[in-house]
Amino acid sequence: MIIIRLALQSLRNRWITALLTIMSIAFSVMLLLGVEKVRNSARASFSNTISGTDLIVGARSGGMQLLLYSVFHIGNATNNLTWRSYKEIAARPEVKWIVPLSLGDSHKGFRVMGTTKAYFQHYRYRDKRALVFAGGGIFNDLFDVVIGADVARALDYQMGDKITVAHGIGEIGAKHDDTPFRVTGILKKTGTPVDKTLHVGLRAIEAIHVDWQTGTKIPGQTTPAARMRKMKLRTKSITAALVGLKSRLQVFHFQRFVNNYRREPLSAVMPGLALHEMWALVGTAETALLAVSAMVVVTAILGLMTMIFSTLNERRREIAILRSVGAGPQTVIGLLVSEASILTALGVVIGVASLYTLLLAVRPFIDRAYGIHLEMSAPSGPELLVLGAIILGGVVAGLLPAWRAYRQSLADGMMVRT
Amino acid sequence: MIPDQAHDVVQLRDVSFTWPGQHRFNITIDEFVLQGNEHLLLLGPSGSGKSTLLSLLAGIVQPRAGDIRILGTDMTALGSAARDRFRAEHFGIIFQMFNLLPYGAVVDNVLLPLRFAPGRRARAIEAGGVEKEAHRLLTALGIEEELHTQPAAQLSVGQQQRVAASRALIGAPEIIIADEPTSALDRDRQRDFLDLLFSQAHKVGAALIMVSHDSSHKERFGRTENLRDMVCISKEDVS
Numbered sequence: 002m003i004i005i006r007l008a009l010q011s012l013r014n015r016w017i018t019a020l021l022t023i024m025s026i027a028f029s030v031m032l033l034l035g036v037e038k039v040r041n042s043a044r045a046s047f048s049n050t051i052s053g054t055d056l057i058v059g060a061r062s063g064g065m066q067l068l069l070y071s072v073f074h075i076g077n078a079t080n081n082l083t084w085r086s087y088k089e090i091a092a093r094p095e096v097k098w099i100v101p102l103s104l105g106d107s108h109k110g111f112r113v114m115g116t117t118k119a120y121f122q123h124y125r126y127r128d129k130r131a132l133v134f135a136g137g138g139i140f141n142d143l144f145d146v147v148i149g150a151d152v153a154r155a156l157d158y159q160m161g162d163k164i165t166v167a168h169g170i171g172e173i174g175a176k177h178d179d180t181p182f183r184v185t186g187i188l189k190k191t192g193t194p195v196d197k198t199l200h201v202g203l204r205a206i207e208a209i210h211v212d213w214q215t216g217t218k219i220p221g222q223t224t225p226a227a228r229m230r231k232m233k234l235r236t237k238s239i240t241a242a243l244v245g246l247k248s249r250l251q252v253f254h255f256q257r258f259v260n261n262y263r264r265e266p267l268s269a270v271m272p273g274l275a276l277h278e279m280w281a282l283v284g285t286a287e288t289a290l291l292a293v294s295a296m297v298v299v300t301a302i303l304g305l306m307t308m309i310f311s312t313l314n315e316r317r318r319e320i321a322i323l324r325s326v327g328a329g330p331q332t333v334i335g336l337l338v339s340e341a342s343i344l345t346a347l348g349v350v351i352g353v354a355s356l357y358t359l360l361l362a363v364r365p366f367i368d369r370a371y372g373i374h375l376e377m378s379a380p381s382g383p384e385l386l387v388l389g390a391i392i393l394g395g396v397v398a399g400l401l402p403a404w405r406a407y408r409q410s411l412a413d414g415m416m417v418r419t
Numbered sequence: 009m010i011p012d013q014a015h016d017v018v019q020l021r022d023v024s025f026t027w028p029g030q031h032r033f034n035i036t037i038d039e040f041v042l043q044g045n046e047h048l049l050l051l052g053p054s055g056s057g058k059s060t061l062l063s064l065l066a067g068i069v070q071p072r073a074g075d076i077r078i079l080g081t082d083m084t085a086l087g088s089a090a091r092d093r094f095r096a097e098h099f100g101i102i103f104q105m106f107n108l109l110p111y112g113a114v115v116d117n118v119l120l121p122l123r124f125a126p127g128r129r130a131r132a133i134e135a136g137g138v139e140k141e142a143h144r145l146l147t148a149l150g151i152e153e154e155l156h157t158q159p160a161a162q163l164s165v166g167q168q169q170r171v172a173a174s175r176a177l178i179g180a181p182e183i184i185i186a187d188e189p190t191s192a193l194d195r196d197r198q199r200d201f202l203d204l205l206f207s208q209a210h211k212v213g214a215a216l217i218m219v220s221h222d223s224s225h226k227e228r229f230g231r232t233e234n235l236r237d238m239v240c241i242s243k244e245d246v247s
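From first to last, the protein sequence lines stand for chains A and B.
Sequence positions in the first sequence follow the working numbering and run 2 to 419.
Sequence positions in the second sequence follow the working numbering and run 9 to 247.
Bound-form chain A, shown alone:
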């Protein structure tokens, strides 16, 4: 008891160095665990974006690319899928449901996606959750728009607001001032790219392009909305299609069918597999980041060791006194090792606590800016193991100077160094 009390008093006596040591350990723990949390959250966010879809069908391309442009709206399709092929695929007996996706237009920096009502019925995210409306409902009219939660918040759109949709992608696309869309549905937040998307019917996509030919506006031609409604707007091609099969056992068979489709070169990918491909790609960067964080932890522990070593000379006296009253090596070594352990443990606890506080604070911002939903789960098993390893590292960091201190005390004999 008295030894523990004196050890704590000794530590309090050196509180500035002790505090700095604790802080450096806390920061390193924060960094290591933070990287791990962000990494897992990013993965989860990606993985949670699509659920319940067996295959994504698009023009022939890499699986990862198809997944990125069709579901995550990252990059653009190199080629389209003809409506005829789409119809043929949709008619296959294995197909339970199919949802066409038509991308390529934007509204004030947000993507516009043409689809069908089936989209709202079959699209699933995070553990097969369906899209929920915060207000309004599915589009009915040609110029009805269903907007994602982020679109509504960022542009402050209410139900019934009139908006214009542009052809092309980018902050400032060429504007179709003459095609007046109306907000008829606002979706609840999902934490997926859906939040940043404006959904319209497939025919609306064609309507946007009525006055356009091969990428440029036909001079002087503006078709009034009323006339457009009466026009025969036929979809000629789409970007991709989400497919649900009657049985998951048919996935490989059906995938082969699409990949070998004769009329045009097509690809079908399983979302999970494509994601896996993506993790394999970014895995190297993640590992590098993790390695750097681990180095920071090692540096912090070395700093702890440095601190204990540097106090060793002034503590020679303390140790000589303890030896003179009969303290054995286990007391001298125990004193220094317990000091190192206490500092490390405090650092770990403070690091974890600060990390969670920080995560809680930046969560809304990260969600808004990157669409990554930071998980606030307790440290996982492997994370706890890492924390345990850090504390163990602290113990080892205490052992070395402790052993040296004991050797010194033997060499000093019955003398107190001044």
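Each hint can be trusted.
Which chain A residues face chain B? A few, computed with CB under 10 Å, are given here: (1) 4; (2) 325; (3) 328; (4) 330; (5) 413.
Okay, the calculated bits of chain A under chain B, using three or more residues with CB under 8 Å as the criterion: (6) 8-14; (7) 308-322.
In short, the hints are calculated from the structure, not lab data.
Virtual Cβ for every residue (Gly too), placed ideally from N, Cα, C.
Given chain A, work out where chain B should sit, using these hints.
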């Protein structure tokens, strides 16, 4: 005359010891005997083997050869843990200075040896409880009550030496070793300190060994020895 073994507190015979390190010194002590209740003044400047002798007595180092008996126990036969325990039980040690853990409370500094010495703890409890005994000794050595709970660093050098004496005396160990305990004090305080130390050591019936380079207190000790006559130092040829 053969010395009475039971009565001898300390017995050293043909002891030789070498300090490890670059400059190896070989230190030999042919004979050194101390009897119970004896108050011995060992005179000698630094470098006269004083530190070696005290380290050997307290069991911090082991001799290369020879026989060390303390209170009838053969120290050379004990392992290091047993020697640590033996030191805690039977020795009270006062250094020249820096005796105390500066951040620790005065009373904690006094109680420290009891943590390692169950026998002394039992004696202190018998005398009325460990805390009470610590306070009693501190008061007897002239440390005011209100200082007892203060950190030791707040005390003057003279006060610190008296706290160190209280620590050496608590639980009544058989041997008190004082290594130039008064060198940091002025004449008057030296006398006061020794008065208190002698009376308290007498009360518990402890043998007292004090090492000093100053012979002015010679008349107060029952016996005075010169370290030079006792300890032989030779430089060992390393090659």
